[in-house]
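In the numbering used here, the protein residues as written are 355 to 677.
It is worth saying that the hints were derived from the structure and are not from the lab. Mixed in with the good hints, there may be bad ones.
Result set (DSSO-like, lysine-lysine): computed pairs, CA atoms no more than 27 Å apart in a straight line [said to hold, decoys possible]: (1) 509 with 557; (2) 575 with 557; (3) 423 with 441; (4) 553 with 575; (5) 441 with 553; (6) 626 with 575; (7) 441 with 417.
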Amino acid sequence: MKKNVFLLGLLLGSSLVYCQVGINTSQPMGTLDVAALTTNGSTAEGFIAPRLTGDQIKSADTKYGNNQKGTIIYATSSVTSPVPGSKTENITAEGYYYFDGSNWQTFRNGVSYAGSSSVTLAANSFQRAALTGDVTAAANSNITTISDNAVTSAKIADDAVAAVDIANNAVTVAKLPAGATGTSYLRGDGVWAQLPISKMYYKYYQFTNMDGDYVANFDTKIPTSSYTAIVVGFDTNHASSATAGFTNSYTGYNFQTPDILTFQQGGTWRIKADVPNATTTASPFYWGIRVLVISNEQVTLLPSEGFNLGGGVSGAATASPVP
């Protein structure tokens with residue numbers, strides 16, 4: 355009798371069974387329906403998937419293929435040394451994983467993500483938002499552009515830019531604003547200006563047919579507001595000495611050195627030329643006066659000083675009048 359029962363059980367076990375399976379329920383609603391045994395909290399309820407370490411799952415890599423797609427497993431730890439491209443490369447933490455036919459994939463943990471003003475969320479991908487302001491960039495781009503007029507002197511720390519930080523020939527006239535030249539410079543207030551480089555002028559005046567040797571007031575028309583005129587030399591038609599060709603015109607007076615100078619009057623520079631107490635014997639006579647004209651931008655007017663030489667013939671200033 356025992357043999358018959360065993361044979362019947364063997365026959366039944368070897369037959370194909372087409373049915374739905376219920377655990378703790380007589381009316382399964384699916385292929386496998388697991389119902390809770392109790393509902394009062396007296397026992398732990400739930401379905402427990404196979405639990406393996408990441409390395410144990412990795413050791414069975416060859417056993418998983420397309421036929422195992424949909425397999426669920428619980429990894430109790432990550433793979434110790436994940437291999438890129440392997441089936442278990444995604445098992446990096448404890449949790450539930452499913453096999454998609456090629457790799458183990460983690461179940462979503464239900465955490466939601468949202469973008470911000472600097473990072474946007476496009477579907478499942480985070481992207482950098484477009485940059486605006488002094489430095490701009492298109493969305494999700496690594497190419498940045500410094501906006502026009504964004505870099506000012508206020509944004510550069512003192513001594514932050516040294517000569518070694520600027521490439522040779524990096525700053526050229528082409529980099530300067532329109533109308534700039536090679537003598538343009540950036541003032542402290544951020545305004546481009548031209549270096550105050552002015553030409554000096556040299557003028558030779560020759561005077562003839564005057565009253566003896568006397569030129570009292572010759573108007574050069576050079577404006578005193580813009581220029582300074584200085585006598586730097588003279589000549590006459592007497593070559594031997596400054597007083598050659600002159601005779602004493604006043605009894606009891608001696609010759610004096612030629613009085614040749616420039617002076618200001620009426621907004622212009624004037625020339626005076628004379629040898630006091632003398633008259634010329636040359637006929638015709640001329641004065642040749644050499645004048646250097648300098649822009650007032652290049653001239654600094656220093657205060658006058660007086661020095662008492664104490665009856666001697668030499669002396670010295672207390673300090674240089676120029677820096």
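Does the structure break any of the earlier hints, and which numbers would those be?
Hint check: 1 and 5 fail, others pass.
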